[in-house]
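Chains as they are written, first to last, in the working numbering: chain A, 1 to 386; chain B, 1 to 386; chain C, 1 to 411; chain D, 1 to 411.
Any given hint might turn out to be false.
Selected chain D positions facing chain C (Cβ under 8 Å, derived; list incomplete) [unchecked claim]: (1) 282; (2) 286; (3) 397; (4) 403.
In short, the hints are calculated from the structure, not lab data.
All of these numbers come straight from a predicted model, not from anything done at the bench.
Just so it is clear, CB atoms sit at the ideal spot from N, CA and C, and this is done for glycine as well.
What follows is the residue order along each chain.
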Amino acid sequence: MQPQLTNDQELFADTTRRFLQEHADVEAVRGLRRDERGYDVGYWRRGAELGWTSLAVGEEHGGGSISDNPLADLTIVAYEFGRHAAPGPLIATNVVAAALGRSGTAAQRESVLPSLLSGEGVASWAIAEPRPHDRLGGIAMEATPDGTGWSLTGTKLQVEAGGSADHILVTTTSPTGPAQFLVATDTPGLTLTAMQSIDLTRRFAEVVFDNVAVPASAVVGEVGHAAADVAQQLRIANVLQCAEMVGAMDAAMDITLEWVMDRYSFGRPLGGYQAIKHRLADMKTWLEASHGIADGAAHAVHNDERADEMCSAAKAYIGAQGPELCQECVQFHGGIGVTYEHDMHLFLRRVIVNATTHGTVTDHRLRLTDILETQSVGRRAGGEAA
Amino acid sequence: MQPQLTNDQELFADTTRRFLQEHADVEAVRGLRRDERGYDVGYWRRGAELGWTSLAVGEEHGGGSISDNPLADLTIVAYEFGRHAAPGPLIATNVVAAALGRSGTAAQRESVLPSLLSGEGVASWAIAEPRPHDRLGGIAMEATPDGTGWSLTGTKLQVEAGGSADHILVTTTSPTGPAQFLVATDTPGLTLTAMQSIDLTRRFAEVVFDNVAVPASAVVGEVGHAAADVAQQLRIANVLQCAEMVGAMDAAMDITLEWVMDRYSFGRPLGGYQAIKHRLADMKTWLEASHGIADGAAHAVHNDERADEMCSAAKAYIGAQGPELCQECVQFHGGIGVTYEHDMHLFLRRVIVNATTHGTVTDHRLRLTDILETQSVGRRAGGEAA
Amino acid sequence: MSESLDEFRARARAYIRQHIPEGVDSYTMGSDSDEEELEDVARSRELQRLLHDGGLTGILVPEQYGGQGLTAAHSEVLNEEMAGRRHPFRLQVPTMTPCMTVILEFGTEEQKKKHIPAILRGDEIWMQMLSEPGGGSDVAGAQTRADRDGDEWVLNGSKIWTTGAWWADWALCLARTNWDVPKHRGLSVFMVPFDAEGVEMHRIELLNGSKEFCQEFLTDVHIPDSCRIGDVDDGWTVGRRWMFYERSFGSSPHTLRPAGGTMATFGELYDLAHEAGRADDTQARELVGEARALALAMGQLAERIPAAVTSGRMNDQAASVIRLMGCRVGRRLSTIRWELLGSMAGAWTDDDDDLGRWAEAFLSRQVSEIGGGTTEMARNVVSERVLGLPRERTPDQGVPFRDVPMGPPSR
Amino acid sequence: MSESLDEFRARARAYIRQHIPEGVDSYTMGSDSDEEELEDVARSRELQRLLHDGGLTGILVPEQYGGQGLTAAHSEVLNEEMAGRRHPFRLQVPTMTPCMTVILEFGTEEQKKKHIPAILRGDEIWMQMLSEPGGGSDVAGAQTRADRDGDEWVLNGSKIWTTGAWWADWALCLARTNWDVPKHRGLSVFMVPFDAEGVEMHRIELLNGSKEFCQEFLTDVHIPDSCRIGDVDDGWTVGRRWMFYERSFGSSPHTLRPAGGTMATFGELYDLAHEAGRADDTQARELVGEARALALAMGQLAERIPAAVTSGRMNDQAASVIRLMGCRVGRRLSTIRWELLGSMAGAWTDDDDDLGRWAEAFLSRQVSEIGGGTTEMARNVVSERVLGLPRERTPDQGVPFRDVPMGPPSR
């Protein structure tokens with residue numbers, strides 16, 4: 001990630017790193033394997049005190065960033081989360097907190113935001129849907145007007161930390177276009193079911209809305225005009241996912257480099273065999289490019305310039321190379337690398353999950369082509385060189 | 001290709017090999033670069049005398065095979081063609097000769113076949129069409145009844161040796177289904193235009209039929225019922241293409257193995273570097289698998305058992321690995337490998353062309369899925385395990 | 001005198017139809033609970049006994065050791081006749097090959113008479129004690145020691161990656177009997193019963209939750225010299241063949257592989273795309289076709305190489321070509337399946353458990369590139385022993401084993 | 001005193017708008033006839049002269065050598081202002097870097113005063129005489145010899161893969177001046193004018209018909225000692241930096257790269273799919289998206305690594321990471337384009353000449369993985385110099401060059 005941090009960012013990174021080393025070491029992570037939430041509530045609250053959930057929210061709403069680039073600050077946490085395969089609803093909470101900071105009503109900000117910022121409460125974003133609407137951006141769930149409020153019906157998948165969340169920010173269609181609602185998870189008609197996942201500590205839920213009645217005050221932003229908010233949420237989610245993946249890849253690579261230097265085979269260190277060296281050289285290249293494109297995406301979102309394109313490029317590239325890099329790391333470890341007691345799979349799991357939620361590699365590649373198509377059509381129509 | 005040849009086949013292979021070594025060495029091939037036909041007429045006639053064009057035609061029609069498996073005999077020639085990147089309309093002529101032997105009229109057999117068998121005449125098959133009908137099996141060209149004969153209109157591409165051919169076997173649709181016609185290239189309304197190609201000696205043509213009037217006697221097989229003939233022609237073409245590709249891959253690999261043993265870098269032979277060795281091991285694996293699947297396809301066509309599936313698997317596998325193998329061979333040669341004076345590109349060219357005509361890799365993969373789909377639907381409908 | 005293929009087929013068919021239940025057995029790692037696995041082992045023993053009683057085991061094994069004394073062609077016929085029938089798949093590898101084949105090739109008359117009939121009856125399940133913790137791909141660098149003590153040998157050390165050792169009976173064990181000679185010249189092979197005193201078993205959990213693999217700790221395990229296979233210090237002669245058999249198990253005529261067994265797997269690929277809702281998408285369809293082509297090419301290669309070895313056109317190291325192809329194809333197929341899953345590849349509902357299974361298979365993708373010899377070792381063998389490229393220079397060549405650099409100690 | 005970025009931008013913009021024609025120059029190998037190429041070289045010299053007269057060349061070169069004495073940031077501004085304008089692309093690499101940068105770093109005052117202003121004016125086009133036939137990736141194994149003869153050096157040998165040497169003026173040449181020391185310690189670097197007596201030039205035809213590369217035969221070429229750069233036998237000090245500059249040319253502030261130059265290439269990918277009739281096919285669309293992601297990742301990497309080197313976080317060998325990524329991305333992009341062509345990839349009509357160009361580009365796919373250092377060398381450097389893995393042991397280390405095993409002689 002960012003090669004150049006400010007002093008304040010360095011300090012923040014260091015604090016987060018040391019906190020995770022102490023409270024989210026690999027043994028702690030393994031211990032959470034069958035934990036219902038997948039994280040310790042006290043741990044999460046203390047993380048929130050460090051600022052994990054406040055960075056993407058303006059000071060006027062109780063948040064605050066380290067630098068003038070809140071998203072960059074947030075990627076620092078996400079990167080460290082990846083490096084430690086750390087537990088906790090980081091992406092889910094921050095996406096909702098940022099959305100409320102941006103487009104929430106005063107009442108939502110007052111009633112829900114503070115608990116997210118303090119780590120007492122958890123919220124998550126529900127966007128993905130089952131087949132045949134499982135492609136990125138496919139939304140079939142409908143909000144229909146119901147008196148002064150709305151009635152919501154549909155199914156959402158891969159809702160991160162759904163089981164721990166007090167509130168769900170749900171994205172729907174409506175008669176006038178995209179809409180979003182903030183719904184308490186104890187609202188009648190809403191059913192949460194745990195999903196199975198590759199990740200050891202991250203929990204996902206299926207959330208079924210069966211004629212869930214919500215008041216007009218549940219609307220986030222404006223009904224029919226939520227597209228920009230949804231896009232921004234996806235960007236934040238993607239940027240954080242990428243930062244996490246890069247962190248996990250860094251961890252996997254470091255462990256592997258140490259291993260191939262220590263491990264002797266036929267009287268020579270593994271890392272001295274040219275076939276291994278060449279593959280590690282390729283992996284280093286993927287890793288550095290992943291850092292680069294992850295930073296590029298964060299930068300593009302911050303500057304609101306080619307943001308979707310860079311986010312999709314980052315997810316498409318890292319989502320393809322990340323799992324490959326971690327699998328190569330497993331391979332170089334031999335037998336020990338495929339055991340549960342070895343740490344490698346924790347990073348592999350995290351990378352796999354991030355590569356497939358909020359858009360698969362294929363989804364993001366297709367979106368890149370959509371963007372190129374628009375540019376190409378524009379270029380041919382306008383007769384100007386891009 | 002076939003690890004076990006009969007004695008007769010061995011002898012035939014040897015004769016062909018020695019003939020090609022003498023008359024189609026790499027210098028001869030390079031010399032044909034700007035030759036209009038891409039081969040010497042006398043050379044082709046002498047090859048025909050060796051049997052190159054007679055194998056797929058029954059003895060009753062003047063042909064004759066070496067063993068009881070004419071297709072296997074033919075792959076022996078195709079393999080040697082690949083090994084030498086040899087010139088001459090081998091695939092084109094044999095496909096048409098086999099088609100006439102199988103479904104030609106007595107008149108066609110008498111008037112056209114003898115010249116193909118003697119090497120005096122050349123014929124080619126016109127099947128591929130321009131976009132949007134360029135996918136394998138896409139036929140838009142129509143034959144419409146016209147008095148007692150037929151009128152043909154449409155465009156055909158990648159017609160091998162079109163410029164040398166006296167006759168074209170053209171595949172069309174008709175009001176009652178697929179149809180095929182044998183058309184002399186000097187028929188009014190038929191226009192041949194040379195296409196550009198990667199191959200140095202193989203020439204392809206675009207053939208435009210503009211209301212070409214042909215008599216009923218031009219029909220090959222039965223109008224509306226040509227599907228089986230077309231399928232068989234494609235199988236023969238694919239099997240021969242694969243045998244050629246395997247031959248070219250073998251040649252490229254042999255040259256490369258010799259090179260990496262002779263060439264020293266940093267005081268050691270290139271072939272002693274583990275990174276190179278491991279890639280060569282992969283290439284050997286692709287090569288052996290290509291031999292295996294090429295033989296498997298020839299065998300499947302001979303036995304008429306899972307023929308389309310095996311042909312498509314062979315083209316899909318070899319079409320993907322063949323160019324990669326040859327490119328790796330180029331890479332290991334370094335600078336000299338990308339020069340015109342080095343032989344490597346002759347084999348690369350041949351493999352690339354064969355990989356893309358009569359169905360690209362993608363085409364054949366998609367056809368494999370079509371076949372699986374039929375089996376799967378059948379399995380689910382019939383309730384039986386495949 | 002010897003039974004013709006047709007006679008054999010008729011006999012096999014009749015017996016199988018009457019005695020062997022219909023169904024397909026195949027192996028999915030980590031999918032069973034311990035109880036299920038033990039039941040399955042018991043069922044495998046029963047099936048083996050059933051086949052044995054019908055004269056359908058040990059097809060190539062001489063009759064004096066309880067086999068049929070027939071040919072590989074008979075074995076193929078048996079595979080065909082077993083299509084669609086349950087079979088004792090847990091007794092095939094490593095019991096029938098490499099273990100039984102090693103005993104058959106190197107065992108004394110007494111050893112063969114004792115163990116081979118028991119194996120064919122399903123009474124003895126064998127495993128391989130080959131790899132060691134810290135040993136990696138360097139099997140000949142074994143550090144488990146066997147010290148002579150009169151008519152006995154005393155074994156000390158640790159072996160790892162022994163599949164299903166917790167329900168098996170015996171193992172072949174490679175141990176070091178001489179530390180003062182280069183590594184290949186100081187090894188010997190022993191037959192070790194798992195119930196011997198001093199054998200402690202520890203089960204290893206894999207990343208996908210499977211506990212199939214074991215690590216054995218050998219502490220002063222006493223083994224009679226009659227359990228030694230091959231000459232003292234000449235264990236590598238046995239070991240090379242052992243590993244050849246291991247690498248070529250997929251095409252061995254000593255294992256039972258009911259015909260059509262893999263066809264279902266091929267079909268599954270399309271079904272997977274269909275189930276994942278992507279059967280109409282050219283991108284997914286191309287992946288399915290790519291996988292299909294790879295699987296068919298793999299199948300043809302697995303026929304071609306043994307034929308080439310039999311005819312003498314290739315040496316027996318060519319089995320590594322099959323192993324390498326298997327690694328590469330396996331990796332790609334696993335990845336293709338994962339790609340077909342779409343968003344279900346990371347988190348899935350209980351309803352989509354069939355899809356989730358493939359997500360977990362992707363997680364453990366490298367298992368099959370490590371177990372049974374790594375892809376890297378296969379590449380070494382293919383490049384050096386098949387292509388004849390120069391051997392890798394390593395510091396363990398020609399020096400006494402005790403002087404070979406070992407790196408920091410592993411656990 | 002020094003010109004601010006804004007001032008510089010204003011000055012550059014005004015001059016460029018008035019003097020530099022609109023258009024895009026880029027390099028497509030083998031696409032021109034000799035006549036076209038010579039015209040293009042002449043046009044490049046003119047453009048260079050135009051820029052020079054506007055004070056827009058040698059941005060980082062000190063004023064005493066005819067440059068502007070400004071910074072990399074100014075160079076970036078110039079690239080931005082040059083967007084959409086013709087530029088002297090044939091004078092960038094290897095003339096500006098690595099040749100001019102090597103002279104700037106190692107040349108004497110006299111050498112710099114003589115050559116750098118001439119280069120900036122477009123009067124001298126430079127090439128690299130580095131590779132040798134039979135040398136492969138082992139640049140330091142040069143066998144071209146330079147023998148001292150009073151105040152002169154006599155060069156004998158052959159160099160190869162010199163791009164466009166037939167229309168260039170000068171070259172840097174690496175030659176062996178001492179055969180009795182290990183290879184890195186017996187080299188020296190010379191400046192050689194192509195019109196010197198004894199220089200014979202042979203053009204090499206590439207597989208795609210391009211005749212851009214040359215081989216030079218040097219027979220008793222006499223060069224004054226004043227043409228030597230760096231100390232005698234210390235040529236590898238120069239050579240290492242030379243090759244560093246070569247590897248990092250893509251991000252060098254010494255070369256002019258009008259902004260947006262590569263955007264057209266990105267757009268082309270979609271257009272190619274569209275033209276090939278496959279723009280509605282998800283399979284083709286995924287390939288286009290994959291290519292786009294690779295290109296963007298490549299772009300970010302090319303920014304990240306130099307920043308990391310500048311900040312000291314990585315050493316200057318990290319340029320090989322960019323080179324390696326370029327090789328891998330280039331290979332994949334070339335393959336993707338070829339796949340998008342469909343059946344036109346093997347044979348195409350004149351109407352589809354645009355598509356055929358990509359088929360020919362696939363044919364010469366490896367050129368960019370060989371020229372400028374092979375992918376394999378880049379992997380060696382990344383693994384050994386960036387990751388710090390053990391160096392490959394080779395028999396040429398520490399022995400006199402004349403005793404290094406060479407294998408059979410090459411032509």
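Now for the hints, and whether the structure bears them out:
Given hint, residue 282 (chain D) at the interface with chain C, holds; its Cβ is 4 Å from that chain's nearest Cβ, closer than 8 Å. Hint on residue 286 (chain D) holds. Least Cβ distance to chain C is approximately 5 Å, under the 8 Å limit. Interface hint status for residue 397 (chain D): violated, as the beta-carbon distance to the closest one in chain C is roughly 14 Å, over 8 Å. For residue 403 (chain D), the shortest C-beta to C-beta distance to chain C is roughly 19 Å, which exceeds 8 Å, and the interface hint is violated.
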